[in-house]
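S.K.: Chains A and B, in that order, are what the protein sequence lines are. For the first sequence, full-length UniProt numbering assigns the number 1 to the initial residue and increments by one for each residue that follows. For the second sequence, full-length UniProt numbering assigns the number 1 to the initial residue and increments by one for each residue that follows.
Hints are computed from structural coordinates only; laboratory data are not their basis. Treat the hints loosely; a few may be bogus.
[To be verified] Computed cross-link-like contacts, DSS-like style, restricted to lysine-lysine with a CA-CA straight-line distance of at most 27 Å:
1. Lys114(B) with Lys132(B)
2. Lys52(A) with Lys114(B)
3. Lys69(A) with Lys132(B)
4. Lys114(B) with Lys69(A)
5. Lys52(A) with Lys69(A)
6. Lys71(B) with Lys217(B)
7. Lys217(B) with Lys52(A)
8. Lys71(A) with Lys218(A)
9. Lys71(A) with Lys114(B)
10. Lys71(A) with Lys255(B)
11. Lys69(A) with Lys242(A)
[Unchecked claim] Not everything, but these chain B residues come out facing chain A in the computed CB check (under 8 Å):
12. Ala56
13. Thr57
14. Leu86
Computed from a prediction, not measured in an experiment: that's the story for all the values here. Where is the CB? At the ideal position from N, CA and C, for every residue including glycine.
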Amino acid sequence: MTTVATQDPKDLEKGRGERNGKAAADPGSEVLAPVVAEDLAAVFVSHHRPPKPGPLSASLTFGWRAMLKIKHVPEQLFDVTAFPIMMTLMFTYLFGGAIAGSTDAYVQFVIPGILVQSIVMITMYTGVSLNNDIERGVFDRFRTLPIWRPAALVGMILGDLLRYVLASTVIITVGLILGFRPDGGVPGVLAGVALLVVFSFAFSWVWTMFGLLLRSEKSVMGVSMMVLFPLTFLSNVFVDPKTMPGWLQAFVDVNPITHLVSAVRDLMDGDFATTETVWVLVFSAALVAVFVPLPLRLYNRK
Amino acid sequence: MTIDPTGLAIETHGLVKVFGTNRAVDGIDLRVPAGTVYGVLGPNGAGKTTAVKMLATLLRPDGGEAYVFGKSVLRDADAVRSRVSLTGQYASVDEDLTGTENLVLLGRLLGHTKSFARSRAGELMAAFGLDKAAARQVKTYSGGMRRRIDIAASILNTPDLLFLDEPTTGLDPRSRNQVWDIVRAVVAQGTTVLLTTQYLEEADRLASRIAVIDHGKVIAEGTPGELKSSVGAGSIHIRLRDAAQRPDAERLLGKVLGSAVQTGTDPVALTAAIPGHGTDLGAAEDAARALGELARAGIVVDDFSLGQPSLDEVFMALTESSASSTSAGSAESAESAGSSAELAAGSAASASPAASEAASTDEQHDAISKESAA
Ligand SMILES: Nc1ncnc2c1ncn2[C@@H]1O[C@H](COP(=O)(O)OP(=O)(O)OP(=O)(O)O)[C@@H](O)[C@H]1O
Ligand SMILES: [Mg+2]
Chain A
1 MTTVATQDPK DLEKGRGERN GKAAADPGSE VLAPVVAEDL AAVFVSHHRP PKPGPLSASL
61 TFGWRAMLKI KHVPEQLFDV TAFPIMMTLM FTYLFGGAIA GSTDAYVQFV IPGILVQSIV
121 MITMYTGVSL NNDIERGVFD RFRTLPIWRP AALVGMILGD LLRYVLASTV IITVGLILGF
181 RPDGGVPGVL AGVALLVVFS FAFSWVWTMF GLLLRSEKSV MGVSMMVLFP LTFLSNVFVD
241 PKTMPGWLQA FVDVNPITHL VSAVRDLMDG DFATTETVWV LVFSAALVAV FVPLPLRLYN
301 RK
Chain B
1 MTIDPTGLAI ETHGLVKVFG TNRAVDGIDL RVPAGTVYGV LGPNGAGKTT AVKMLATLLR
61 PDGGEAYVFG KSVLRDADAV RSRVSLTGQY ASVDEDLTGT ENLVLLGRLL GHTKSFARSR
121 AGELMAAFGL DKAAARQVKT YSGGMRRRID IAASILNTPD LLFLDEPTTG LDPRSRNQVW
181 DIVRAVVAQG TTVLLTTQYL EEADRLASRI AVIDHGKVIA EGTPGELKSS VGAGSIHIRL
241 RDAAQRPDAE RLLGKVLGSA VQTGTDPVAL TAAIPGHGTD LGAAEDAARA LGELARAGIV
301 VDDFSLGQPS LDEVFMALTE SSASSTSAGS AESAESAGSS AELAAGSAAS ASPAASEAAS
361 TDEQHDAISK ESAA
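One chain only, chain A, in its complex shape (with noise of 0.2 Å):
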């Protein structure tokens, strides 16, 4: 006969993390120092209260949280390396001699466009990370702190850019090693991924909402790759658009992608003041003025 405490079924499921390792391998750890009554009241007498942080220490805040992240799983950077470098690997030698005549020739055209194609198919695990962190409760904390409430999602934005700047740096780096030679130099490949970054940051809002919006991960991913796939590969970023019938022509121009791989392409040949840029910088604009306050009143009313 044994009646003792009932074992809550959802705390066995919260107890899965403890499978993997760690916990295990400290056996120091498997009985729990005794909570000392002294030492509570002591750290119970905290009324230093200092003035909350303003919305940009608070945002750098959490984009501490997200380089944190990324210290202690590593692996999530997978995507935004071993990707890119197998993309720019396989089209090349897949697409080069068939398009351009020769991979070197290719190289120099498919570089900016397999760049832009990595670095934008990227921004969706801001939706998808976005969500996850929302099922596992710990937005509940933040979202009781008197702070400025995007400063969450503007904090994790700003990791994500840590991230962009890293896979963008893994490709540039594997495409001059393949003999990617561009005429702008090293201010015109700096100029390219700037305008790069900055039309990400502002994409990425784009999944912040549906982050929100979504029930779960999956659905994140799935809703981004039904738009992401078509939005990169219907555009420039592998064959000039001369080519192709002109229903899709007419499509592959008003894709934003176009304009952004153009105006990467120019900057990186050292050609700075283009309409491509100015498009490019006014669409991101754009998607901020839109695509910023809707994901913020979805995480106010949450």
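Given chain A, work out where chain B with the ligands should sit, using these hints.
M.R.: What follows is chain B with the ligands alone, placed relative to chain A:
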């Protein structure tokens, strides 16, 4: 610490939250005095978490009003947020971060300097017995450790009002006692605690007032004593020497006390409720009279004890009244000073998890294991 003139930490009027067609919270009125522990008791799905989330500004009420220290959770959410903190039913810390990083992050978000946040985090980790695990990711923590880090996060700045949503669900008896110690220490600092629980014993031990909610409504409210006396004066537990005499004893007790008599699986045990009369001549008088009658009828009583009605009984009576369930288990779990054997028998007989929870303090736990080994 400023307390609003009414002296209430929480005041709600007709609070409502609807999910689709499900009225999760259906018109709740609460008045929680500042500086006390207030228990919110209810079965699964009663609406406890939903109510707490509305009070902690995480959910918007669909109707009614709620004030925390006189500030509206709807119109003055930031003012409310600066005075409350919530330890939710499910851990709300970042599993990917270490324990210390979680606390430093929160410290920074509360506006503390990096060095203050670090030292405060260290202090809390030590006080909560987590220093050894401080540099490990929270996902490697056990359930009890998660609870602790979660509570530590909630008191980083000592809040004026702390919400604890089922803080001890799934904890072993020792960890449960420690959480209770933490709650007592928090209250000693002048913090008001609103505690939701499914465990009657917990509410009984900690709370000075209790609201029982079911189906989104408050079905009873009062001090633990008031709630208990609402279901009668208590009960008497009797062990006979001879099992064959039980039917006679049962009949006699029923006649003398005028109440239903329960017989458990133990063939010599009986439990009878003692109805209250609202007079000073209380349960003991009635019990003495009943024992006298038994002796006169030649029925040998080996052992007896008087029990106050437990909150288990209150809980069952209140939440199952509509379902007209006749749970024998509810009466078995009285918190009498009976022998451990009787207690063990009572707990084993009861199928209800709530009743077995009543026997979960350290000592009782030990007593039960010893008995079952014997
Ligand atoms: N986000 C939600 N969407 C839809 N229904 C919900 C939601 N949250 C809660 N509910 C429903 O509201 C009711 C009350 O749920 P709540 O979580 O408040 O119960 P509880 O008293 O905390 O229960 P437990 O003891 O199991 O934690 C339940 O019927 C639940 O299914
Ligand atoms: Mg709950």
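S.K.: Each hint should be assessed against the structure and marked as holding or not.
M.R.: How the hints compare with the structure:
1. Lys114(B) with Lys132(B): Holds - the C-alpha atoms of Lys132(B) and Lys114(B) are around 22 Å apart, at most 27 Å.
2. Lys52(A) with Lys114(B): holds, 14 Å
3. Lys69(A) with Lys132(B): holds, 21 Å
4. Lys114(B) with Lys69(A): holds, 19 Å
5. Lys52(A) with Lys69(A): Holds. Lys52(A) to Lys69(A) sits at ~24 Å (cutoff 27 Å).
6. Lys71(B) with Lys217(B): With a Cα-Cα distance of about 23 Å, the restraint between Lys71(B) and Lys217(B) holds, given a limit of 27 Å.
7. Lys217(B) with Lys52(A): This hinted pair is violated, its Cα atoms lying about 37 Å apart.
8. Lys71(A) with Lys218(A): Measuring from Cα to Cα gives roughly 24 Å; hence the hint holds.
9. Lys71(A) with Lys114(B): Holds, at roughly 19 Å.
10. Lys71(A) with Lys255(B): violated, 74 Å
11. Lys69(A) with Lys242(A): Cα-Cα ~44 Å, so violated.
12. Ala56: holds, 5 Å
13. Thr57: holds, 6 Å
14. Leu86: Result: holds, 5 Å to nearest chain A Cβ.
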